[in-house]
Amino acid sequence: MMGTFFESIDTPTAVRAASRGFSVLVLGGLSAPLVAMAVPPLGAVWLTLTSVLAFTLAGVRIGAASRPAVHGAVAATLAYVLVLPLVLISPTTRDPVQIGLTVLTALVVGAVAGMVSARRASR
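Counted from 1, the sequence shown has number 388 at position 48 by this note's numbering; the numbering is strictly sequential.
You may find that some hints are simply not true.
[As the list claims (entries may be wrong)] What follows is a set of in silico ranges between Cβ atoms, one per label pair, in the way DEER data are often shown:
id, residue 1, residue 2, range
1, Ser406, Ala378, 36 to 46 Å
2, Arg434, Val385, 30 to 40 Å
3, Leu441, Val366, 14 to 24 Å
4, Glu347, Val379, 40 to 50 Å
5, Ala376, Val448, 33 to 43 Å
6, Ser406, Arg463, 36 to 46 Å
7, Ser348, Thr432, 21 to 31 Å
8, Arg463, Leu426, 30 to 40 Å
9, Arg463, Arg434, 38 to 48 Å
10, Leu367, Ile439, 31 to 41 Å
Hints listed in this document are in silico derivations from the structure and should not be mistaken for laboratory results. Note that CB positions come from ideal geometry on N, CA and C, so glycine has one too.
Working from the sequences, and respecting the hints, build out all of it.
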């Protein structure tokens, strides 16, 4: 079962895509206080927007994956798993519901991005 799962994704491409998503998540988190000071309404949704962007950028890079939706979901979730230790440093961000919803968002956004990328490539 696990062998077929790993065969359905392009592992090196997934790792590179997760790295890209991780970079966007880190830069978005670091710039959040500046955005909140400059444009308070945008600051309220900045982390959400950068998370969706990061998960999309991670999920869209599918390489030679035979199951692009699974590949995109894995890459986006790996991006969040890479940034999770930074999130857990602060006791105020250790909300299990928020972490679970972010993982769910990564799975869904990454899968959709992978499917869209595969459909665009097949045209």
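Going down the list of hints, with the structure as the test:
1. For Ser406 and Ala378, the hinted distance range of 36 to 46 Å is satisfied, since their beta carbons lie about 44 Å from each other.
2. Under the hint 30 to 40 Å, the C-beta atoms of Arg434 and Val385, about 22 Å apart, miss the expected range.
3. At roughly 20 Å, the beta carbons of Leu441 and Val366 sit within the given window of 14 to 24 Å.
4. A C-beta distance of roughly 46 Å is found between Glu347 and Val379, which places it inside the suggested range of 40 to 50 Å.
5. Between Ala376 and Val448, the C-beta spacing of about 26 Å breaks the proposed range 33 to 43 Å.
6. As the Cβ distance of Ser406 to Arg463 is approximately 18 Å, the hint placing it in 36 to 46 Å is violated.
7. Hint check: Ser348 to Thr432, Cβ distance near 38 Å, so the stated range 21 to 31 Å is violated.
8. In this structure the hint that Arg463 and Leu426 lie 30 to 40 Å apart at CB holds, the actual value being about 38 Å.
9. Hint check: Arg463 to Arg434, Cβ distance near 44 Å, so the stated range 38 to 48 Å holds.
10. Between Leu367 and Ile439 the C-beta distance comes to about 20 Å, which lies outside the given range of 31 to 41 Å.
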